[in-house]
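Engineer: So our numbering is basically just the index in the first sequence, starting at one, shifted up by 534.
Hint data in this document are derived by calculation from the structure and do not stem from the laboratory.
Zero decoy hints are in this set.
Below, a list of computed lysine-lysine pairs in the DSS-like style, where the Cα atoms sit at most 30 Å apart:
{"id": "1", "residue 1": "K818", "residue 2": "K758"}
{"id": "2", "residue 1": "K853", "residue 2": "K907"}
{"id": "3", "residue 1": "K852", "residue 2": "K840"}
{"id": "4", "residue 1": "K637", "residue 2": "K616"}
{"id": "5", "residue 1": "K840", "residue 2": "K851"}
These numbers come from a predicted model, not from an experiment.
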Amino acid sequence: MVEDIIDEIIQSRLKKRSRIFKSKEILHPDYIPETLPHRENEIRKLAEIIVVALRGERPSNVLIYGLTGTGKTAVAKYVTKKIAEKASMLNAKFLYAYVNTRKTDTTYRVLASIARTTGLRIPPTGIAISEVYRRYIQALDKWGGLHVVVLDEIDYYVRKGGDDLLYKLVRINEDLEKARVAIIGITNDINFVENLDPRVKSSLGEEEIVFPPYNAEQLRDILKQRAEKAFVEGVISDDVIAYCAGLAAREHGDARRALDLLRIAGEIAEREGASKITVEHVKKASIELELGRIYQAVTTLPLHAKLVLRAVIDLVKKKGSGTTGEVYSWYVKTAENYGYEPLTQRRISEILTELDMIGLINAVVVSRGRYGKTKIVKIPAEMIEVLDSAVSI
DNA sequence: CTTCCACCGGAAGTACCGGTAA
DNA sequence: TTACCGGTACTTCCGGTGGAAG
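Working from the sequences, and respecting the hints, build out all of it.
Structural biologist: See below:
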C-alpha cells in the first residue's frame, strides 16, 4: 500500500535523525556563510565602495567579473546585507534588491522584482513596463533613500533582452528628486561589456572588481569550513574533501559545484545507509549531478525542441554529425511520424542554437566554402545514450 | 580575384495566452 | 465588459557571408 510506504519513510526519517547531516542548508547554493574564506580582498573593495551610502552619498556603480562559483553572488549579497544592517542601526535609509537576471529573464519581471523590494505591489503581468517604472520612481522619491540594485548574471540578460533596461537604470537618477539608485552588475563573461552601449558601459563600470577562480587549496578550505557545520562529526574525512576540491578545481575552481558535490555525496551516503562519506559517493554524486541537469533540461523543453533533439540524436547515431539542412529533413520526418506539422527551417535553426546554449548539443557555425555556410551539429559521445533515454515525446 | 553555395540571423509581424485596470 | 499589456512560439522576408572552387 502506498500509505504504508510513505508512513515507513516518514517513520524512518523522523525516528533517527540523520547520521550524516547535522544541518544540510549550509551546503545549499543560496546559503551565505558568516565568513567567506579567500574573498577578503573582494569584500573589502566592494564594502569600501558601498559604505559611502551610510554618509548619505550615492556609491559608484560597480561591475563584478568572475567565472561561475567564484563567490561573486555570495560577496555581493554579504556586503549589501551587512551594510543594510548597519544602516538600520544608524537610521540611514538604505535598501537593496537582488535579481538574478537569468532566472528572472524579461525586462518586465526584472523591473517588477526591483520595484517590489521597495514595498510596492506589482502584478505578475497586465500593466505596461513604463507604468511599472513610473510607480517605482514615485515610490523611491516618496521614500527618499538609497536603493542598491544587484543584477546577477547580466550577461545572459543582455544577450537575450538587450541593454534597454540597463540604460534606463543607469540613468534613473536623473528622474529622481530625492532618492538615489546604485547598481552592482555581476557577470561571468568579461567580453560582454564590449557589446554594451558606450554610455551604459562607462556608467556601469565606474568601479570594477575581478574575482579570480579558487585553486584546489582554497576550495579545500571552503569545503572544510562548511563541512564542519553541515556534517555530523567523523562522517567525512579530509581526503574526501580534498577529492571534491580537486574535481571542482578542474572545472575552473567552481565552488558552487564543489558544494553541490559534497551535498549530493552526503545524500547518497545517507540513502545507502553508510556511516561515512567516501570517494565512491563523490564519484556517484558527480554522475548524478550531470544526469539530473540533463533530465531537467530535456523534460522542460517545448514540443518541437524535443522533436529536433530526437532527430539530432538519430542523425548523430547514424552519421556522427550533421548540418542544419540534414537535421531539418530528419526533423520533418520525425515530426510527421509523431503526427505533428513541422515548423520552418528558420525556426529549427534557432532551436539548434538554443539547444547548444543549454549544453545538450554542440552546434558550431562553419563555412565550408563552395559548400556553403551552416551549423555543424554534434553530440558528445558520452552524452548520447543519456539523451536518448531522456527524450520522451 | 570573383563566384556562389547553404545556410545564418536580424527585423517585423501574427496568434495566442493569462493577466490587469477602469 | 473592453482595451490593453507582456511573454512565448512561431512565420515571412531577406540582406549577408566565409571560404573552397573555378
